[in-house]
Amino acid sequence: MASPKVAVVGAGVIGLSTALCITETCPSCSVTVLSDQFSPNTTSDVAAGMLIPHTYPDTPIHRQKQWFKETFTYLFAISSSAEASEAGIHLVSGWQVFKSTPKEELPFWSDIVLGFRPMSEAELQKFPQHRFGQAFTTLKCDCPPYLLWLEKRLKATGTQMYTRKVADLWELHSEYDIVVNCTGMGAHQLVGDKQLFPVRGQVLKAHAPWVKHFIRDGDGLTYIYPGIHRVTLGGTREKGSWSLSPDPGTTRDIFDRCCSLEPSLQGAQDIEVKVGLRPSRQCVRVQREVLSKGGVKLPVVHNYGHGAGGFSVHRGTANEAAHLVGECISALQGSSSRAKL
Amino acid sequence: MRVAVIGAGVIGLSSALCIHEQFHSLVPSLELEVYADHFTPHTTSDGAAGLWQPYLSDHGNLQETLWNKETFDYLLGHLHSPAAKEMGLFLISGYNLFTEPVPDPSWKNIVLGFRNLTPKELELFPGYSYGWFNTALMLEGRSYLPWLTNRLMQRGVKFFHKKVESFQELFAQGVDVVLNCSGMRAGDLQPDPELQPGRGQIIKVLAPWVKHFIITHDLKSGIYKSPYIIPGSEFTVLGGIYQHGNWSEENSAKDHKSIWDSCCQLLPPLQKAKIVGEWSGLRPARPSVRLERESIRLGNLQAEVIHNYGHGGFGITIHWGCAMAAARLFGSILQEKKQQASPPGPRL
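If you read the sequences in order, they're chains D and V. Read in order, the letters of the first sequence are residues 1 to 341 in the UniProt record's numbering. Read in order, the letters of the second sequence are residues 1 to 348 in the UniProt record's numbering.
Possibly wrong hints are sitting among the right ones.
Said to hold, decoys possible - Distance condition first, Cα-Cα at most 25 Å in a straight line; then the derived DSS-like pairs of lysine-lysine:
1) K165/D <-> K5/D
2) K69/D <-> K120/V
3) K155/D <-> K272/V
4) K165/D <-> K152/D
5) K274/V <-> K152/D
6) K85/V <-> K205/D
7) K254/V <-> K225/V
8) K155/D <-> K5/D
9) K69/V <-> K108/V
10) K103/D <-> K65/D
11) K272/V <-> K257/V
12) K274/V <-> K257/V
13) K103/D <-> K69/D
14) K65/D <-> K85/V
15) K205/D <-> K225/V
16) K239/D <-> K194/D
17) K165/D <-> K297/D
18) K152/D <-> K272/V
Worth flagging that the hints you see were computed from the coordinates, not collected in a lab.
Using the sequences and the hints given, assemble the complete structure.
Shown next, in the form of structure tokens:
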């Protein structure tokens, strides 16, 4: 197989980073990205893009840690290069605070982020309702810049990108040798994955350039993540809600909760409200599958279900998916050489 | 009781506010006036980035360390007040970088979360092998000075746009106490060979992705001669110039190149930052801050001057501690005047 044709369905952070990894591991591949939405209209564009991992209940911790480590290392290098501002990647320090001491004082990722340590008594005085906290420095991927930067890198490799709604993976079997499914929430319909469920998140994006630190309540519901131009204020975690319409009562509630963590946010300006559906699953599906219909085979690599942790593990899962694409190619080459015999 | 403050930088305005807050109800006749030839945004304080951080060593000057601490604690207390944004006050964390291990600074327990840098953090800064991380405060002069001015105007303090040529000039008009907060130009009012300019130059850029201050140190060259990057609320300040004895307030192309090249090397993403301004200013440097009373005889009158100048590159860092000390000196002047006015008698 001289030039395997690979279709990547989905153009959020997972689709674009997976496509990029495939071009890196398989330079002879011809990669095409197909998606009904591109930045700034993907779920990724709503996310703050903070590298603070979500824990997937059914994925082994060592695998999650490996994904996070690869992602952090990859972004760390970009953050100190001249491309950092274009890619939207920057370091940010801050605090995760808890109203009651967490069961797990040392999360699995504490040695991957920078300078992780418990907060001092003096630091905790800033948060009178909280009794315990962790201070650390991590990375943030601002969207749209990061997605636009990925698109630019892809175009430079000759990757084509088309706006197209794929209703059935079989639509692609005549044009492509391998399909990579990075459809996020779309996989619910596209491949009928009933284990995939939305967790609705509403956020505010505000102008408050004096806020230089992130603040996250350990319960995961209230957070303040300063980006390049705007601060993301969150949030909600509404399991099973499919609504993409902003709710005004929720907006008020998010603003109040964030102001109680950071009173200076009362002076925030130009507040925009956004909603995204976290494509959630008990474990991220990074998996090969061979679909079969009427004697025709279609190799598929799935890479979806990252829920609340997409940015934190994107590069790691993209690497793994690209590796699986490599296995698909080997399998196809193996079977085609058998056909020749 | 007429009190004239000479100078409307951070020292003059904060000293005025501190004195008015403490004494206006005790001294009904108190009239406070501020005299300056430059007001915000044209003072030295306006050019400073506004980062609270003392020099590396206090040279055994514990008094100054205490004033620094007083200032930090005072500002920290205001952090959650509704005035914080208007004051230009916010928390900021960042890095101090060295090419060799150094002793911890006098202010390590004043700031929040002070610690050494980890090896992985040092990978961010090739060429530096040791460093600190801590959380400190920013107090932007461009906001703080107008805020102080508003507070003073609300209190009925009067402002006069004029260059005072001598202390005598004010005493002849009936001023009782002069607060000399004239910074770099104190030598024009009274010669002080210990006061010398520490010329600085800065480049202002738009680099909103920078969320930390980064201050490098070259122990052989001295303070502020090594690149530093300080992100504010509207723009980021790049600096690294300290020229002792240089009175020029003109921007130098050579210094611009030195700042730009060294800061871009320190933080490569800055290469894409847009330059939006440049400024030079004179740090009023002195071996120690001059904060003391001086009684000046004018005929049969005793006139009082409280000197409060020579804060070098740490004016914002130390200002409130000095303002409080100046207010204490004012209090002792009041006490003496009271004792002179009423004859000595049995004390209750």
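Which of the listed hints are broken here? Per hint list: 14, 15 violated.
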